[in-house]
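Visitor: Sequence:
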Amino acid sequence: MDKNGMDLQKFSKGSYKENFCYTNSAEYLAELQKTSMMKRNEKYCTLPDKDKGVDIINIKGIEDIGYVQSDSMILNSLVPQRDSTYQQGLYFSDAKRRIDFILAYHIKKHGSRKHGGRHGNNTISSVKGGQQLPGKNTDPEIAAHDLTADYHEDDKRLRREEFEGRLMETGLELEKDEDFCTDADCEVAGVKQGCPKKHDLTKTPGIGYVKIHAPWHVLCREAEFMKLKMPTKKVYEVNQSSNFVEKINAFISKVTEPLHPNVDGAKVSNVKHLSYPFSREKQHLFDLTDRESFFDSKTRSTIVYEILKRITCTKAKYSMGITSLLANGVYTAAYPLHDGDCEGDDTEQNDRKVLWEEWASYSVFYKYQPINLVRKYFGEKIGLYFAWLGVYTQMLIPASVVGIIVFLYGCATVDDDIPSMEMCDERNNITMCPLCDKTCSYWKLSTACATARASHLFDNPATVFFSIFMALWAAMFMEHWKRRQMRLNYKWDLTGFEEEEAHPRAEYEAKVMQKSMRKDHKVKKKQPEVVEERTNKWKQTVQTAMAGVKLTEKEKLTWRDRLPAYTTNIVMILFMIGLTFAIVFGVILYRISTAAALAMSPNPTTRSNVRVTVTATAVIINLVVILILDEVYGSIARWLTVIEVPKTDKSFEERLIFKAFILKFVNAFTPIIYVAFFKGRFVGRPGKYVYAFKSFRMEECAPGGCLMELCIQLSIIMLGKQLIQNNLFEIGIPKLKKLIRYIKSKRQSAQEEEEREKKLQRYETDYDLEPFVGLTPEYMEMMIQFGFVTLFVASFPLAPLFALLNNIIEIRLDAKKFVGELRRPVAVRAKDIGIWYNILRGVGKLAVIINAFVISFTSDFIPRLVYLYMYSPDGSMHGFINQTLSYFNVSDFQAGTEPLDSLQLGFRVDVCRYKDYREPPWTPDEYEITKQFWSVLAARLAFVIVFQNLVMFMSDFVDWMIPDIPKDISEQIHKEKVLMVDLFMKEEQGKLQMLETLLAKTKEGKGTENCNNHSPYSRPRSHKGSTTSLHSQNDDA
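If you read the sequence shown in numbering that gives the first Met the number 0, its first letter stands for residue 0, the second for the next number, and so on.
Think of the hints as simulated: they come from the structure by calculation, not from any bench.
Pair by pair, the computed Cβ-Cβ distance ranges are: (1) Phe-364 with Lys-693: 55 to 65 Å; (2) Ala-94 with Gly-495: 31 to 41 Å; (3) Asp-414 with Ala-596: 34 to 44 Å; (4) Phe-580 with Val-237: 53 to 63 Å; (5) Trp-638 with Val-910: 54 to 64 Å; (6) Gly-731 with Asp-981: 55 to 65 Å.
With a Cα cut of at most 27 Å, we get these calculated DSS-like pairs of lysine-lysine: (7) Lys-490 with Lys-253; (8) Lys-233 with Lys-281; (9) Lys-352 with Lys-490; (10) Lys-914 with Lys-437; (11) Lys-366 with Lys-481; (12) Lys-481 with Lys-974; (13) Lys-228 with Lys-271; (14) Lys-974 with Lys-830.
Owing to the predicted nature of the structure, the values given are computational and were not obtained by experimental measurement. Where is the CB? At the ideal position from N, CA and C, for every residue including glycine.
Using the sequences and the accompanying hints, generate a full structural model.
Guide: Here it is, written out as structure tokens:
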């Protein structure tokens, strides 16, 4: 008998072939058919009429597959009255034990055989006595296929039996609720009285449920193992700040009282329970008057899920945990239950309904989030996400206000901007060179007046101030979040929480097991064959399979094992980035060819709006491509992470986040980076242009610069992603799925559907909800938005405002999704937001560099300063436009590139202008770069260096000035430690006083006995007896 309670010798002789892989599939199927039929005949017997309501699992069936008989048992659902005590499927059929977790699985019925699982109500109709049923299909291929499918289901059923048996060994209590079989099935099977009635079992066809309840002793044991901090009886008063600060806080609290949600605990309390890791030896420290509510539903489901992750099925080629069982279809879902319904006036009040009304409603968008209730219902990890999202949204308010002020400043000063006024002045009569070869003709600079005036809205001196402000804003946001996170850690009793090493993922264990088996196979090949007893070999093989988890501890995957996966990762990521660049280049070619085509249009309105049309259509194409590639890159990132086989779930999540963020960041920002830093930089000059594929002339920036086009690109992509991907998809897809379910339900009669809905239990309703897939998509869209807000904010000061409006909707949208449309996630403890904080810091540092380059190279801020202080004759900006335009003699055009219609302006053009710093054609150094170009370049590089170092120094100074842990929180943490020490010291003193009292009573008893006993012979005996009594009292104490 091994430690798992399994008789290895008996198991190896009787059931080895049933549970291990066969080299011959036909042999395996035959053996499985034979064994399964024997077990069915042994276990699945009909019950007497009096036992129809309840079916207790045959313990012999468990013993047959290697289990020790347990006191626990699995019950099929009773037929309870659907009253308030049953609470719509939140309790077992006895209406006393609460359902803490649900395991769901499919029940497939092949041929004419339908069964509800492994209990006595199952029926066999495909094979009976080794003979085929009359009237059935006798095609051998179809029969073989059906037989194979049937025994795949039998294999899953046996795995479920083993897993559920192991769960019962841990002390969990299980109850089954399965699909019903029809009376026709029973008649075909020859069973007249074994099938339960339709209303006895689940109303979800083809789905079975395992309801799990954790008794009190299991909760206490696991809470101690997991070191869960629970509130003790000790209550202390939280220290208040100084009187002045306290008055300010009271005033602010009174003013913002309408903004607080109407939930318990929304207001700040001055009293807090002292928390301590739960211990069964120190249960007297905790308030256990109400055991039902001591561990809330979130904690109970967390404890059960921890047990599910720890339990494995070992009767297979490799051990299988709950994740492998879900992946292989043994179970289709594993989830905790919601607390009840969230909609309806007659619905009983519960935490879910409170969250629906006070958090997930758009009518309360102006209120604070009930973060404590979110944490209580969904756990710390989800609570931290929504707390972070709330802090980020609040911090966007001052950024939006400053951005609006900068934009309004641009609007107010647009009429006073001398360069744009000169550009709009038709009296200057500046003729510009063609924008494309042949089809484009000469044009007047005054036609770009609207673009120049619009550029000033974003390209003005206030933009530099706003860039510096946003860099400091990012630093302030990070510090504010760290302090807020520390307050939540203190409030949620996570100050001493340290993440323990997580359980290895099932895929990792399987990979390690395969590696171990390959090594064993190689060793056996090298060793000479030794004749041993067959039973000993079988016993050794069984022991190896039963010790699957131990093998994973001895072996581990090295970098050599992962080298192919790492190579694939590098190659695929580089390929995906190259694909993004190729798509952007394709859009560039589209812009060039479309501009040339529109320039040939006979319509003058079309010709005058070529730049706007090309820019808008190209940005829309970029947006569509970004949305499509986002989904593709997400799937590829997951696949690349899977083939790496990370050891733990945390490692898997971090690697997935890193890959997905890199790919999606490049996908979203590559078109914007092209417009900001590459467009118009490598075009050449008239007569010597740069061509792509020797036919496409590279496009130029507008006379006012590329900043306006960058603003258009950034705004359309940002708003498009938020409206389409974030909101429309999140709102539209769930609504579409709900509509499809509604259409399907309409196929049934209204009465049947209404009857079915009334009888649906909580676990059946939750099964129809969407599964929770993690917080990665939610965080990812916020990280990309944070990039839009900070990276190119110099070109689009209104980005924080649009982000703020989006987030106000996003918070309520996510809340509605979590509360009403998703299955309840398993609560996960966490004290921070993990790798996302590092991504935020990286984006913040990158934003400083990018904004420095945007101001110096994309905008005209630096050229204007250079002209104002070095080249202006009167110290003003008059003449700046003329200074930035060079001259070109039209006779120097390359053959075949001159305009076809050179008289479109109504006169002959001999000299045209283009934007560059080059010598005129009448000088000896014609078309060479001037000294002014080098002066401007030096000033731009100097500005980048000064701006970057200054802003980073200021950010680091803010980081240094603001402590990560608030002073009052550090004092409270210290106070908790002191109170805990005092509590234990008082407890020890109480024990010592009790011991001294017992010793004193013992001594008094000894003295009394000596005084009353006058016999000299009896004194030694009485003395010995008193000594023994004293030792006994000491032992009791």
